[in-house]
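**Q** Read off the chains here:
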Amino acid sequence: MISETAIQTLIDKLGKENVITAAEDLLVLGYDSTPGLHATPDLVVYPTDSEQVQSVMQVARDHKVPITPRGSGTGLSGGSIPVDGGIVICLNKMDKILEIDEENLTATCQAGVVTLDLFNAVAAKGLFYPPDPGSQKISTLGGNVMEDAGGLRGLKYGVTRDYVMALKCVLPDGSLLSTGGKSVKDVAGYAFKDLLIGSEGTLAIITEITVKLIPPPQDKRTFLAYFDDISIAGAAVSKIIAAKIIPSTMEIMDKATINCVEDYVKIGLPREMAALLLIEVDGHPAMVTEEAEGVERILREVGAAEVQVAKDAEEAASLAAARRTALSALARVSPTTLLEDATVPRSMLAETFTLIERLTKKYALTVGTFGHAGDGNLHPTVLCDERDADEMKRAHAFYDELYEQVLAWGGTVSGEHGIGIAKKEYLARQIGPGGVAVMKRIKQAFDPEGILNPGKIFADGQE
Amino acid sequence: MADKEKLGNFTPENAPEYEDVLQCMRCGFCLPTCPTFALSGRERSSPRGRVALARAVAEGKLEFTEAVKEEAFFCLDCRACTTACPSGVRAGEVMEICRSQAHQFFPLKHVSKSFREFVLQKMLPNPDLLETSMLPARLYQKLGIQWLVRHSQLLKLGPEWVDKAERMIPELHPPLRPQLADVIPAEGEQRGRVAFFLGCIMTLMYPEVSRQTVRVLTHQGFEVVTPKEQKCCGAPHLTEGDRDTTKRIAQHNLDLFMALDVDAIVTDCAGCGAALKEYEELLEEAGEHDKLATFRAKIKDVSEFLAEQGLRTEGLKPVKKIVTYHEPCHLCHAQGISKQPRELIKAIPGIVYREMEEASWCCGSAATFSLKYTTESQQILDRKLENIRATGAELLVTANPGCHLQLAWGLKQAGMTQEVVHITELLGIATG
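Which chain is which? The protein sequence lines are A and B, in order. Going left to right, the first sequence walks through residues 33 to 495 as the numbering used here numbers them. Going left to right, the second sequence walks through residues 973 to 1404 as the numbering used here numbers them.
Hints may contain errors.
To be verified - When the alpha-carbon atoms are kept at most 25 Å apart in a straight line, the in silico DSS-like pairs for lysine-lysine are as follows:
id, chain 1, residue 1, chain 2, residue 2
1, B, K1384, B, K1136
2, A, K298, B, K1270
3, A, K298, B, K1136
4, A, K48, B, K1041
5, B, K1311, A, K343
6, B, K1263, A, K343
Simulated from the structure, these hints should not be mistaken for laboratory data.
Just need the whole structure built from these sequences, with the hints factored in.
**A** Structure (structure tokens):
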């Protein structure tokens, strides 16, 4: 529990309306989008600037209270769940875009800015912020940085990490750390910025972010390709990459996902197809034409059942929007959607689909698979019921076996969601005990008291 | 219902289904669409948060507390979250059920309880009584007392909502229901026969709108049957958490309209249309599945119906106005009717149509919300007025009496000159 003095200090610094103690509020700030995970904090605070974050951190430090940072709670590995109670620090009220620097092509904003709001603000000035996680309408930039969020354009444009130039953050001792800047080149000392990106809120609380902006593509073309067999879709992706064409987007949905998404969006997706690929090429008009021809040729060569070109930007946008709803749409089918984030080298895509199909049968599960095929980043999602213990056991066995093979192929247990709570058991399998030990020493250096976002990344016994 | 198994800390009667709250996988797609979350920034005032509260009550982790009750009534029930939810969670309906629960956990004090029961159980289900009760209000306006009250600021002394309600009421005319002939023949070549579901607020406050609805329908070639025994759709009862009265009314209307030989049951009130379409879920325990499904299929909002049948545009007179359209929540979110009203507006010659930003964002009326939460309602309304202003429109078209009242009042308060019209009034103008 948190002492009355600590609460009073926080009220003095943040104002009464930003210090929340009502049971009902606490209850609903103890989850993110990861199924089955929930913990209730003792207190929730809404700081509005870096100084207030420092004040909160100092209180947590002085009273040795766990502190868990949170944005909009769209995380998919449990990273913002306050497993040990304590303080949840919500950064949603830090939602100001502080600067759009058109000379340096950068934007600086507070951590709580919603990703799409930043995208729209820079687009209004003729600039482009490419990272676009599926949750872009809801998720915050701070959360994106903490989890190193990917997105639909990751294939060509990279992920959040590739756009972060500078960070301002509060360390667990309450001090401020600024790292990076607007200089394009910067090799002064250790790359703290890169260490903090994807650190899942375990090393510091990010309060301000400066991102790199680029000119938007002049032209683009969107395709939908349907397949009778999902591994042919996988082969198509590998062939397109091998032909040295890098589309901005290559997203896949299997039959189960197509049907759930169609139930929701009702745009006429073909329910009987085994898979579809949503492909977008963009850039200079001449290049778009050339690449589009290449993509279409390869799709026909590998045996796509049908290839359609979006007739206009509106149709292309509605297809991308439909894809963004895939996970939530799958939740129509079952009470629990156990989502994974398996990522393989792109040459192994077809084999991965075959593997998923085999394991689905072996463990008698219903699985919907979608994801960023072009990145090799798939989200096989087990559609189950958390009340069915046997089914949950089979689901975990499914993932165990899947990850074993994915790692053997040189893949990773998380492409973009992070380790959080959900994948703690798998981390050591990928990076080995030595890797975990170094990570823990880093955690120790930043957070010797272990108050910041405890219970994440490292499995019990590894902490 | 009584033999239903108790779900956590809910009372067994009119409790939510556990599956309905479990359905939410907390992705947050609802967050940017929720007007109350936009206002407060509090997770518990978001659809995801509200469903989480209901789930905690269902799982016995939380009592049905005052805060749960507050959230149930603070929800606008605008259903924007239902439109946004890929998983198919219906947070608005879960909150409607929680309102019903709230009355069991927090019974009203004697006087309020009697008043509420009188209005919901006696007055609203009885059209004759309802219409008679409006007579004093009409006299009040006619005899100039309204002028006196408004200018004397007398009501400033009373509760804020009484004052606001008094100011919102438009000029009243005799109710339409008793005036309409039972059957009005189609003009020209007959295309079909429809029943007309009037709606209380429409017949009482906007009789001219419904007169135009009937006129447009007959002009478009439909014979219009108006059964006089129809009762309120039940939406106010659901809003106030009186599910039992809703079910009684629903059964009456279902039997009444299903006994008619009509192709469709048309309404010009988005709130009524939504309520009627949801009789199927409301009455599912009655076991009349086929009858309910047929009834549901016959319910049509007037713009849905006309768009489906194809508007006869020959002979329509040009309306030289700049027009924008506000989507009533219960039309676009609850019934999924969004394209049709725009198509009809654009089909009228002479009209310059300008889409407003956030056309489907609630106007803040939301049944009694605008009276209970005057400040919040005003904030939501201000956002809407700003979007209307930006279009430069002369006419604001909408399709629901609640929105109509709120928007007309808001525009007047803000000194804006746009006139609010129902879509059938606009079609009525074009019809000549």
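**Q** With reference to the structure, classify each hint as holding or not holding.
**A** Here's how the hints hold up against the structure:
Between K1384/B and K1136/B, the direct Cα distance comes to roughly 13 Å. Compliance with the 25 Å bound is thereby established for this hinted pair. Taken as a hint, the K298/A and K1270/B pair is honoured in the structure, with Cα atoms around 22 Å apart against an allowance of 25 Å. Simply put, K298/A and K1136/B have alpha-carbon atoms about 42 Å apart, too far for the 25 Å limit, and the pair is violated. Between K48/A and K1041/B, the direct Cα distance comes to roughly 23 Å. Compliance with the 25 Å bound is thereby established for this hinted pair.
For the proposed pair K1311/B and K343/A, the alpha carbon gap of about 20 Å is at most 25 Å, so the pair holds. Distance restraint check for K1263/B and K343/A: the Cα-Cα separation of roughly 42 Å exceeds the 25 Å cut-off, and the hinted pair is therefore not satisfied.
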